[in-house]
Structures are given as structure tokens and as C-alpha cells.
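S.K.: For reference, the chains in residue letters:
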Amino acid sequence: MAQVTYIEAINQAMTEEMERDQRVFVLGEDVGKRGGVFRATDGLYDKFGKERVIDAPLAESAITGVGIGAAMYGMHPIAEIQFADFILPAVNQIISEAAKMRYRSNGDWSCPITVRAPFGGGIHGALYHSQSIESVFANQPGLKIVIPSNPKDAKGLLKSAIRDEDPVLFFEHKKAYRLLKEELPEEEVLTPIGKANQVLQGDDITVITYGLMVHYAKEAAKELSEEKGVSVNLIDLRTVYPLDQESIIEAANHTGKVLLITEDNKEGSIIGEVSAIIAEHCLFELDAPIKRLAGPDVPSMPYASTLEKAFMVNQDKIKDAMLELALF
Amino acid sequence: MAQVTYIEAINQAMTEEMERDQRVFVLGEDVGKRGGVFRATDGLYDKFGKERVIDAPLAESAITGVGIGAAMYGMHPIAEIQFADFILPAVNQIISEAAKMRYRSNGDWSCPITVRAPFGGGIHGALYHSQSIESVFANQPGLKIVIPSNPKDAKGLLKSAIRDEDPVLFFEHKKAYRLLKEELPEEEVLTPIGKANQVLQGDDITVITYGLMVHYAKEAAKELSEEKGVSVNLIDLRTVYPLDQESIIEAANHTGKVLLITEDNKEGSIIGEVSAIIAEHCLFELDAPIKRLAGPDVPSMPYASTLEKAFMVNQDKIKDAMLELALF
Amino acid sequence: MMNKHEKLGLSDDDVLEMYRLILTARRVDERMWLLNRAGKIPFVVSCQGQEVQQVAASFALNRDRDYSAPYYRDVGVVLAMGMTVKELMLQAFAKAEDPNSGGRQMPGHFGHKRLRMLSGSSPVTTQVPHAVGVALATRLSNDPAVSFVTLGEGSSNQGDFHEGCNFAAVHKLPVIVMVENNQYAISVGLGDQVACEKISDRAKGYGMYGETVDGNDPFDVYRAVKEAHDRAKNQEGPSLIEAVSYRLTPHSSDDDDSSYRSQEEVEKAKENDGLIHFRNYLKEQNILTDEVEEEIETKLKEEIDEATDYADQAPYASEDTLYDHVYQTKGVN
Amino acid sequence: MMNKHEKLGLSDDDVLEMYRLILTARRVDERMWLLNRAGKIPFVVSCQGQEVQQVAASFALNRDRDYSAPYYRDVGVVLAMGMTVKELMLQAFAKAEDPNSGGRQMPGHFGHKRLRMLSGSSPVTTQVPHAVGVALATRLSNDPAVSFVTLGEGSSNQGDFHEGCNFAAVHKLPVIVMVENNQYAISVGLGDQVACEKISDRAKGYGMYGETVDGNDPFDVYRAVKEAHDRAKNQEGPSLIEAVSYRLTPHSSDDDDSSYRSQEEVEKAKENDGLIHFRNYLKEQNILTDEVEEEIETKLKEEIDEATDYADQAPYASEDTLYDHVYQTKGVN
Ligand SMILES: Cc1ncc(C[n+]2csc(CCOP(=O)(O)OP(=O)(O)O)c2C)c(N)n1
Ligand SMILES: Cc1ncc(C[n+]2csc(CCOP(=O)(O)OP(=O)(O)O)c2C)c(N)n1
Ligand SMILES: [Mg+2]
Ligand SMILES: [Mg+2]
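Residue numbers (the UniProt record's numbering), protein chains in the order written: chain A, 1 to 328; chain B, 1 to 328; chain C, 1 to 333; chain D, 1 to 333.
Note that these hints are calculated values from the structure, not bench results. The structure displayed is predicted, hence computed values, not measured ones. Possibly wrong hints are sitting among the right ones.
[To be verified] Estimated spans, in silico, between C-beta atoms of each pair:
1) Glu-187/A x Glu-267/D: 49 to 57 Å
2) Gly-189/C x Asp-21/B: 24 to 32 Å
3) Lys-50/A x Asp-254/D: 31 to 39 Å
4) Glu-284/D x Glu-236/C: 42 to 50 Å
5) Gly-49/A x Lys-299/C: 48 to 56 Å
6) Asp-320/C x Glu-197/D: 44 to 52 Å
7) Glu-226/B x Ser-318/D: 41 to 49 Å
8) Glu-306/D x His-124/A: 23 to 31 Å
The C-beta atom is built at its ideal place from N, Cα and C for all residues, glycine as well.
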């Protein structure tokens, strides 16, 4: 069986859902003939035609807002935002409209839209093509925020997001697009939204993270296990809003030592909430302070490779932090 | 000496700074002849003329973006957003532009703008005139977010914000506008940004909050002290981004029991980060789980008074939570 | 006076029904102010001065099929699309039974799925892209419905107006955008909001049809929207219709308009009140006889009284519904 | 051939200098592609096909006083406003000494305070309100400077374009908005971006002056921007100038344009390359003799070689500058 990259998995998810359900269509910048600047929608234009794979004018608030209107009608649109950084002009449509539609209409209307956007750093994207933007939205009940860490989840979660009757922000790590590949099962992959995933079982320390950092954490954990015999309990959040509190609490209790990782700036990131959940529910099980490893609190990742490297959380930094916690 | 309300204090701050510095001007919706829908800019139009008190077209991204441009030129604009809920169309200008200006230009350009907006609930404002919106911005290095809890700080912090050489979001609690009054000192009030304030000294529990909740917490603490002899250490964050870590850590260590309060939805709110800071630095000083009292995780405050009441954190709910923690 | 309605294809019954709805909007609105001043309801945002354009435009639609995305002043639109006086009172009183939001939203935040009326929010102009999205969806679904959206002239300065209109025009979608120009955005007069001569001048920049009509003239509004509706059905793309009238009340019950406009200006505008002109026309045409008028007013008063009592008595949503409808299922998935 | 520049008030020296800058932009850009293909710099976003309009427009400004907010293709603008080839190379190589951002931003993200050139970001069109804000500030400060801002035609569909232009028009501010219409937004051709005939048709909807000019014609661009500059200085408000040309390269070094446009189309556009026409004109006018041309090209090559070497050798910002310039002072206050 062939290896499927993270981006191919995303492409497959869209293709399958568009084949399955006429209500699914794609709109965004350059998603048509060009197949997306990353080529996530490659082939969809030829397969489904320009009516269902729509090159929108360069206007994110309209891309999202038009998608919301179509979703209210009963469609299941997939809106592609070219880079997650450029979702910001659409924040009003996402937070004021999509997230609140069901609630404000007392359940009369709903908004089953999926907004996809590549996020994350380490690809020489500089300040505006590297950001982790999830925390801007991670305080908005009504929204779900999903971030897959591997091809299988990318496919299974995107299919679930498209079918979901509520709005889902789906952030794809652009460095993972071609870096990560794996074989996918023959049968249909559908991964539940709202559930974290235990990537590694272990007893010494619990590491909770999401996105590309899961990959680095897994690699670091393998090395540490071999080199130092440290046993890592690795949790991939997968849905970063609303959080899977049960899995977080269980994992924290299991080891009593917790390392939280994000490539986002530290203050105000997703992992602050994860820490708060643990501090609320597991205090007496903890054997060490809840440690956080994150990007520095500077506006975003600079372009120059020296600075990008200094900014980005990587496998080595993770390994060091893991060891430090294990030795605590 | 006369009692000054929270909103009068804000009006005084703007008046004094506009008198002091020609570079200061105001722009926003209905800030001119009407003096603002809450009347925060009352009298400024008559005093400083329409050139410096500008009724802008109904377009928040322009109000902010034009302010940013003027700030780059060297002015110190005050942009008023009519309700904090309506800042969302301006998120791109605030996060992509204002927050990153200094960093992206390597210190060449700066952006000394103040964006004022009334936030908060309990005033029959329904979903879109009640929100706490600070957490949308509380992950953006380069920005400062200030939320005063009383007239004196409202004045002193707003004056500091206007003078600040970096962009400041200044959220004013609209229920506090006329609810809170106090005498202000004769001399100039300037309150430092970035520093929390110890409102009450106490030894049993530490309560950390901001905005209108400080008022309720203070009242609740008084009652509890009288009724049950509970001694509350009350911290007003005042600047919610970036947080004053030192004061938070010191206060948490002092009592070992911490209650965090926000009227925002719980998950992803400011107090999650506060909790994470404590869990990172004070673990072994803690005698109880870090408790959080917040709004429910539903999109925003409904209009019907039954539902609004059920949503809103109030003095009674705070008192109960304090007592529970004290008894832990 | 010349008969103006027949040549537009409107029967005597049609125009009488239009008038009845216009009057209903006005009387409901007047009642809401009374209720507000009596402390019975906390808030009113008014349609007064805009009812004629609202009802006339709605009559040019296919009210059994088309979608609407009204804005907060559109009492005339929502009545014409099928909302009842009782439902309007339920939303004014914020009661559980209110079909718009179950009392969750402020009055004037309309939405009614059975009537194909999109749920609206407070941030202005977000509904424009939504209406465009509905039109896109109708095309993808081979549904002949047309999408109708309204907004104030002040709101036409928001980015969403620009982006929504442009999207609709590029894709030649069946959308009618009606700007209700009442010459104020709260306290800001037209001249401080825009420098263009007409809001409809913006249409050219999108390559869509644009036209300005007198919002106080039901026939002109009806004609313009009817033509826009025909264009929409014939795949000729969207239209921008500007209906000019005047806001006869303060912005809302929280506003005091004396700080920014003179009483004379308001009084003068009242002379142009389309409702009065329409009434005069119908009287001259002998369609609205004194008897008919009395009957309408009497019935209306009864209906409003009943609706008010009903809404006043109706229960609020109970506390334990606070967590309902955040997601489709409680908890996530 | 008729002398076209004198009647515009441009001397022979002026036009020769314009040509030199246009050529500089082209040659710098060509070098960047070479460096990119050689793996020396990770990214290029190109000015090719737009240099004529960029330099001609800039020459119509007061380059010692006015403010500019260029967009990422504006190598011609930034050169005309005073940025050096060396500085351009420093930003391409992302070195510490780069005055635009010290290597923090991608190439093409210009900004230079001494040159009154506003710092730009990647999200398109945000610079339009900034330029309007600068114009507002100049008025408040009795500064006679004019504010000049550019953007692509695709970017003119963003809300910030609408909101910014409207604000400028309402307040009659001294702003010149130049849309560089190169007929593509990455892969999306003009017809899928807009349905209007001309982008300048949007001006009417703001009540501002609008005009479309041939971006390959330096004289027409110069005249239009000069007139806009006069209007700005005379308190006659903002202008929207659309300069039409063609993007001769792929969108950027990451793009492959063969998937969405034909090689023939590109070749045909190259025949209209304004640089060639301008060169021919100057040759016919005997302003650009073969000697002069050779001298220019030789000097240019030297300058670019030197700048490239310098930038290549220059150090990157050191890691410990990562935390610099988040706020004015480290820590908050
Ligand atoms: C995005 C946003 N900003 C501000 C407001 C506050 N606000 C409510 S109505 C209004 C004026 C609207 O004027 P216009 O569009 O002309 O409509 P009108 O009320 O005159 O019918 C304003 C500023 C809002 N609701 N949404
Ligand atoms: C808000 C935003 N959305 C998307 C992008 C990605 N993007 C960069 S350039 C571009 C096309 C711009 O087209 P146009 O405005 O015509 O300028 P051109 O590149 O043709 O000069 C896009 C979509 C962006 N930079 N900003
Ligand atoms: Mg209006
Ligand atoms: Mg272009």
C-alpha cells in the first residue's frame, strides 16, 4: 500500500466527501485551476468543475461569510484560507456569525462550515506565513478547532469536520504537508472530533501537545526511551477547542509530571488552558510543576534563518525539556 | 471634593491628555456632536473641534487602520470602538499591524495608538453588547491590554495608555461607567501599565480578577470577613496582557489558595493563563486546586433577564466560591 | 390622481394589503415605544419612516420561495415575509416562545427558518455575504429562489458590503441588496459617512446594476425591486437598490437625537412620510374608504393588544436552557 | 516621434533618470531570480512588467516630503523614493543590516522611516487605511506632504480598500491610491476577481476622482499621478489611479504559472513591456544613446554585483536579538 502524505490525506478527504455529498463544495483563493498554492485541492477542479471548486476574489471575510450563508442554506462548504495568518480579516464572520448562529437563533439555524487553513512555522515563512493562530478563536463556544498531527488523522478529522453540523476551524501544519507520510487503511477513516489521542503509553512523564509538535515529541520520546529509559505518555490533543478535559485529566493523573508543548507564543496559548484544567483537577496527583515549552513571546517568527531557528520549538528543545522533567 | 464616576474619569483622562499634547486626537463612531453613545467623549467636540474629535464612517477596520497610520506618523490617536463586540472587524489591523509594527520593522516604526472599547455584561445588552473580548487578543506580543476596575485607575491607566509608545487596547466595563464613583486626587493620576494592584491584603485566600469583578469581589470579601472572618488577598490584574507574573506568583505563594475570576466564558479566558503561571511557579506552595469562577461556556450572554442572570458572575456567586475555597 | 399600481401589475387588493402591512409595522412600532416608556420592554429600535420601502420591496419578491436577510429596522419586511404581530411582540418582550431567538437576542434581531429569513446579529453588514452565500447555494441546488438583503447606508461603509457585493457580481448571483438610506448612522449625518452622490453609485465598481429610488414612494420601490428580481431570475446577476427616506425616530430608545439634529428637520421629514402619502393615494383611488380604514385600524389595535398581552404573560426561557444549542449535541460529538 | 515628456515638465535628465531606475528595478529583479534559482535566497516576488508605472508615479510625487506605502512588487517605487540597491539586496538575503526589517520579514516587505516609507506586512490592503491615517495626520500637523499608497487589483477586493477609500473621501484627505492592475491575483485572472469594467470605476462610489491609465506608458502614468498630487495639495481630496499592465513572471518564486495561463499570453504581454517602449522612445529622442545605455548597464551591473557580494557576506541578525523591539522597553513599562 502506498504512503500517503499529510496533504494528500487532506486532498483525499475532500475528494471523498465531495463524491459522497453534493452539498459539499470548496471555495477559496487559487483553489481552482491552480489547485491551491500548496496544492491541497489538486485535481478537484477537474473532477468536480468550477461550480463546486470556486476561485473566490481575494477577500477572506467574503470567503467565510459567503460560506456561512451557503451553510445556513444547508450546504456543507469548505472554505480555504490560503495561510492561517490571513484568517484575521474573517474573524468577525467566524466569531460573531458562525460560532453564534445556532445559539442566537435558539437552535433554528445552524452553520455547518469547515474553514481550512495552513498554519505553523519552520518553513521560512516569516512573520505572516508562520503563525499559530488557534488561540485567537479558542474562547468561542459554538466553534470547534481541530489540528491534526498525522496523515491518518488529517483525513479522518477533516471528513468528520465536513460532516459536522457545526462550524469547524481546521488548521493544517504546512510543514507537515510533505514531511509526514504513512499508509492509510483501506476502509473509510472517520476520526471523532473532541477526542484527544494517546500516541504513546508511558509512566514517567505525560506530554500533551498538538500539530507538528506531536511528531517531534514522538521522535524525542523514542530517543529518550532508548538513551535514558524514560517512558513518555504522549497525548495529541487533536481538538484544541473545546478541549477533551477527561483525557487531559486522566493523563496528568497517570504520571504526575506534565509537560505541555506548543509552537505558538507561550502567554495566552492553548496550553495555558490545558494547564489550568490540570491545576483545577489534578493538583494532589502532581509531583512537579506543570511545565510549558512554547515559542517565545515575540510577535511572530522572523524570516532570517538564525532567528527562525531560535524561535521554533524543535525536537532537541523538546527532548531537553522532557529529560529535565523526568529528572525532577 | 466631588465624586467622579468611572466614565467621567475616562473623559477627564482624554481631556487632560488632549490639552497637554497636540498629537492626541479621538476618532470613532458618534464621538463628535453626540459625545459617544455612552457619552465618554462628552464635551470634547466643543472643546477641541471637529478636527481632533472625528466622527468616522461606520467601519471599524478603517477607524483602527487610519489610527494606526496616524500613529506611525507620530500622532497618539485614541480610537473608540462603540462596543467591544464590534472590534472584531478590526482584528486584522490590530493583530497583523499594530501589534507587529515595531517588531517587523526592527524598531524603525512604532504604533502608539490607544483603542478604547466598552465591554462586559449585566446591562441587558444581549449577545453582542455584553462580551468580554480580551482573550481574542491576549496572545499577541507587541500589544498591551488594559482593563481598569475603578475610576482612579480608569483615569490613570488611560493617561498612561495614551502616552505609551506601543499599541494599547483599553477595555472599559460599561456597567461600571455609572455604577462606580470615587474622589480623585488633585494631582495628576498616572497609573503604570503592566502592574497588578493589591486591592485587599489578606492571608486566607488569594483572589485574582479584573474589571467589574474586582468590585464584586471586594464587596464579597468584606461580607465574608465580617460574617466568617475570612481574610482575602485581592489582586486586580489591571493589565491582562502581558500579565504581571511577579505579582501573581507572590500573591499565590502568600496564601496557597487561589480563586481566579472572570466574567468571560471559562475555557480559553485570561484566567487560564493566570492559572498556568501559578501552576508553573507555585506548585509546592499550593494548599488547594486552583479554582476558577467564570461565565459558562456558551457563546455569549442572552438578552432575557432569566438567562442573563444565569450567565453573569455576580457578588453572590463570588462569595460562595470564596467561602468554599476558604473552607477547603 | 393617476392610477400608479395597475400598470405595475398590482391589484387593488395588493396595494390595500401593502398598506395594511405598512400600517401594522407603524402601529407595532408605536406600541413598542409606549411599552418601552412604560418600562415594560427595555429596548426598541424603530422602523418609522422606512415601512413603505420595506413592504413595497418585499411585495416584489416571491414571498413563498425567496430568502431574506433583514436588518434590525425591517419590521415591514418581516411582516411581509410572514412574521406575525404576536411573534414581534414575543421578541420585544424577549420571551421563550419568540421564534427569532427565544428571547436570546435583542429586539430587532430577526430570523425565522420556516420563513427562510436568515438569523441576524448586531454587528452590521455581516448579513450581506450571507445573502450572497444563500444565492450561491440556490444556484448549486437548482433552486430558483432569489436572495434579498437589506442594510443601512452607514453600514454600506463596512468592508463586508464591498466584499459581498463584489463576490455576488463576479458570480452573477441572484441577490438583491437594498440599502435603506435614512440619512443617519446614529448621530452621523450622511455627509460625514460618505462623499458619493448616491450609495447606488457603488454598483458600477462591482459591475452590478445600481439604482436609487424614493423610499417614500411604494411604486418606485416596487418597480425597482421587481426589475431586480427579474434580473436575478434571468441570471443577469445582483442589483443594488438604494431606497432613500428618513429616520423619523431617534436611533433607538437609548438615543437622544436632539444633540445632533434639529426638531425642524425631523418635522419637515414627517411631511414626506411615505405612509401618509400612500394613504392619501389609496383614499383618492377609493381603495381605502373611511370604513375600510376604520376596520383596519380597529382590527390592528385588537391584534396588537392581544399580542402584547400574550407576550407580556408568556414565560421567559428558563435558566436551565442556558446551555442549549451551543452545538448540535451537548458536549462535542 | 513626438516629444512627450517636455510638455509634462520633465527634462531630458528626468526621463533618463526615470529610465535608469526602471532598468535598475528590472535588473535587480532578474538578479534575484538567478540568486533564487542558485539557492542563494529562498524567495523572490517580482516587479517585472510594473516598473514603468512604479517609477513614473513616484516621479510625480514630492520625493523629499511625501509618504509612501508601497506593496511587495514595488521595487520601482522604493528605488525612486531613495532605497539603494544594496539595501534591496540586504533584504533579499535577510541580513541584519537590512533597513526594512533587519531580515525579519520576507523580501518585498518594505519600510524605511527615514524615507517616510511605511512598513508593510503580508496581509494585503492593510496599508490603504494606514496611508489615509498618515494623510489625516499631515492635515492635523499642517504638513503639506501627500500620502501615496499602492496595491494590486486583486487586493482592491478587500474590505480595507473600501473602508480606507471611503474615509479618505469623506475627509477629503491628500491621498493617492494607485492600483497596479497586472491582471492576475496569483492564479486568478481579472474576470474571476471583479466584474467591473475598470477598477477605477470604484472611485465614484466614494465620491473621489478615478482614472485608469496604461501602466506601460510612463507619461500617462506621470500625468495622472501629477494631477492627483495637485488635487491632494489643493485640498481636493483623494484620487484612485488604476495603472494597467501585466505580471510578466510567475506570482513568486514559489509559483508555477503554467497551470493557469498560457506561455503565448505571457509572450504577447512581453511585447507590451513598458520598459522596451520607454527605451525605444528615449533612443528615438536621442536621449539614450548607445554609449549612455552601455554606461548605465555597466554601472548597474557593477552596483548589483557589489551589492550582492556585500549582502551575501553580511551577517544575519544574531539569535540574541530575537526579543528586541517587541515593546519600546523590554518588559512592559
Ligand atoms: C460593526 C458594528 N459597529 C457598530 C455598531 C453600532 N451601531 C448600531 S446601528 C449603527 C448605525 C447604523 O447606521 P445605518 O447603517 O445607517 O443604519 P440605520 O440605523 O440608520 O438604519 C451603529 C454604529 C454595530 N451594530 N456594528
Ligand atoms: C489577506 C491576504 N490574503 C491572501 C494573501 C496571499 N496572497 C498574497 S499575494 C496574493 C494575490 C494578490 O493579487 P494582487 O492584489 O492582484 O497583487 P499582485 O500580486 O497581482 O501584484 C495573495 C492571494 C495575502 N497576502 N493576504
Ligand atoms: Mg442610516
Ligand atoms: Mg494582480
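S.K.: So which hints don't hold here, by number, going up?
M.R.: 3, 6, 7
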